[in-house]
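K.L.:
Kindly produce the complete structure, drawing on both the sequences and the hints.
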Amino acid sequence: MSKIYIVDAKRTAIGSFLGSLRKVSPSDLGATVVKDLLKNNNLQGHELDEVIMGNILSAGQGQGVGRQVAIKANIPFEVPAYSLNILCGSGMKSVMTGYSNIKSGLSNLVICGGVEVMSQAPFVSPRDVREGFRMGELKFQDSMLIDALTDAFDKIHMGVTAENIAEKYSITREEQDRFAIKSQEKAIKAIDEKKFEKEIVPVEIVEKKQTIIFDTDEYPNRKTSLEKLGTLKTVFKKDGTVTAGNASGINDGASAVLLASEEAVKKYNLKPLAEIVGIGQGGVDPKIMGMGPVPAIKEALKMANLDLQSMDLVELNEAFAAQALGVMFELKNEYGVTDEFFDERCNVNGGAIALGHPVGASGNRIITTLVHEMSKRKSQYGLASLCIGGGMGTAVVIKSI
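By UniProt numbering, the letter at position 225 of the sequence shown is numbered 225, and the numbering carries on one by one without gaps.
Because the hints were derived from the structure by calculation, they are not lab data. A portion of the hints provided could be inaccurate.
[To be verified] DSBU-like cross-link-like pairs, simulated, lysine-lysine; straight-line CA separation at most 30 Å:
(1) 194 with 23
(2) 3 with 266
(3) 182 with 194
(4) 228 with 194
(5) 182 with 378
(6) 39 with 72
(7) 376 with 195
(8) 155 with 237
(9) 302 with 271
(10) 186 with 228
(11) 287 with 233
(12) 189 with 23
(13) 3 with 271
(14) 238 with 182
(15) 3 with 267
(16) 376 with 267
(17) 266 with 103
(18) 155 with 298
(19) 237 with 168
(20) 103 with 399
(21) 238 with 287
(22) 228 with 189
(23) 72 with 271
Remember, predicted model here, so these are calculated numbers, not experimental data.
P.N.:
This is the structure in structure tokens:
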């Protein structure tokens, strides 16, 4: 079977909620990254077989965000482009879909990405407004809460699912806060040392007749500390442990990966960064949706015929500190790794608690960050995984070239 390569991977810097990217449309943001991938690899749009973009909060953004991205990136009409939505796994699922399409022979060269501008999620009226109402007040609902952050089955916020994991695994508030502050420290260090420079595509933003270049993640909090985290109120459960400080943010951003078959690599004289050697997905009880990476990682490692100890670097999306710690607990039991394994290899440049979590893009962003960090360190194997609302997870194992 043909090998599938990651030729290149790029992302925008991540914006804070109602921050620098608040007025940039998802299609414009995604197109910025796609254009850069094509230019950086001396490719023309017509040479692509398809474009796949993960996106969750599409209400009000117009038909087919993925198609909009492709056309705004000057890719010809003849090249198919589409969006997919499996919540937080969307950006990673786009890569898995591209991988499968190349494996099947349907495609040879695919751009797979994810984009989310959570700042633009609209407020919506109840469904029965279409039927009319005779009296009383009309309450608007937050589409971001409904479509991204609330479990469809038990109607609980994703933060409550993290509280459920904290209770199940006896994860304390202090453990979560310590995990969160480490994420902040690593992210700030990475930014200061310009570790993300090669993976970030600058975004031009016109505001008040001035052009601003946005090229640095703006969400990390340089003013926080373990002591300050300890003063934050829990928000999801009375006497709980999950706070805004040990949870990921609400953010804006885009990311994309260029996938190619062996045939395409030779035809277009491409220089791959890595090979995809395993993909996996799995399901868990939606009430503990954050544990979804566990079965997904097992499946991806099995496909790659590798174990966790073989992974030189791991990117585990930090939806919540409790969630990430719960996953690590299960992986330690399953594979016999230690706390030191995760301290040294997991989220070495910080994670979503510090960098942010633009939900439709994050699964792609962690692959992008992983590929570039592996290249810097000359690592052999890497793993990226994240949890998904509704009780699922996805994972990808890559091998450096």
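K.L.:
Would you mind marking each hint as holding or not holding in the structure?
P.N.:
Hints, verified against the model:
1. 194 with 23: Given that 30 Å is the threshold and the Cα spacing comes to 26 Å, the pair holds.
2. 3 with 266: With a Cα-Cα distance of about 12 Å, the restraint between residue 3 and residue 266 holds, given a limit of 30 Å.
3. 182 with 194: holds (18 Å)
4. 228 with 194: Answer holds: residue 228 to residue 194 is near 27 Å, not above 30 Å.
5. 182 with 378: holds (24 Å)
6. 39 with 72: holds (14 Å)
7. 376 with 195: Judged against 30 Å, a Cα distance of about 9 Å means the pair holds.
8. 155 with 237: Status holds; Cα separation ~14 Å.
9. 302 with 271: holds (27 Å)
10. 186 with 228: holds (18 Å)
11. 287 with 233: holds (22 Å)
12. 189 with 23: Measuring from Cα to Cα gives roughly 28 Å; hence the hint holds.
13. 3 with 271: holds (14 Å)
14. 238 with 182: With Cα atoms ~26 Å apart, residue 238 and residue 182 stay inside 30 Å; holds.
15. 3 with 267: holds (15 Å)
16. 376 with 267: Cα-Cα ~27 Å, so holds.
17. 266 with 103: holds (16 Å)
18. 155 with 298: OK: residue 155 and residue 298 at ~29 Å, within 30 Å.
19. 237 with 168: holds (15 Å)
20. 103 with 399: holds (17 Å)
21. 238 with 287: Since the Cα atoms of residue 238 and residue 287 sit roughly 17 Å apart, the hinted pair holds (cutoff 30 Å).
22. 228 with 189: holds (19 Å)
23. 72 with 271: holds (26 Å)
Hint compliance for this structure: no hint is broken.
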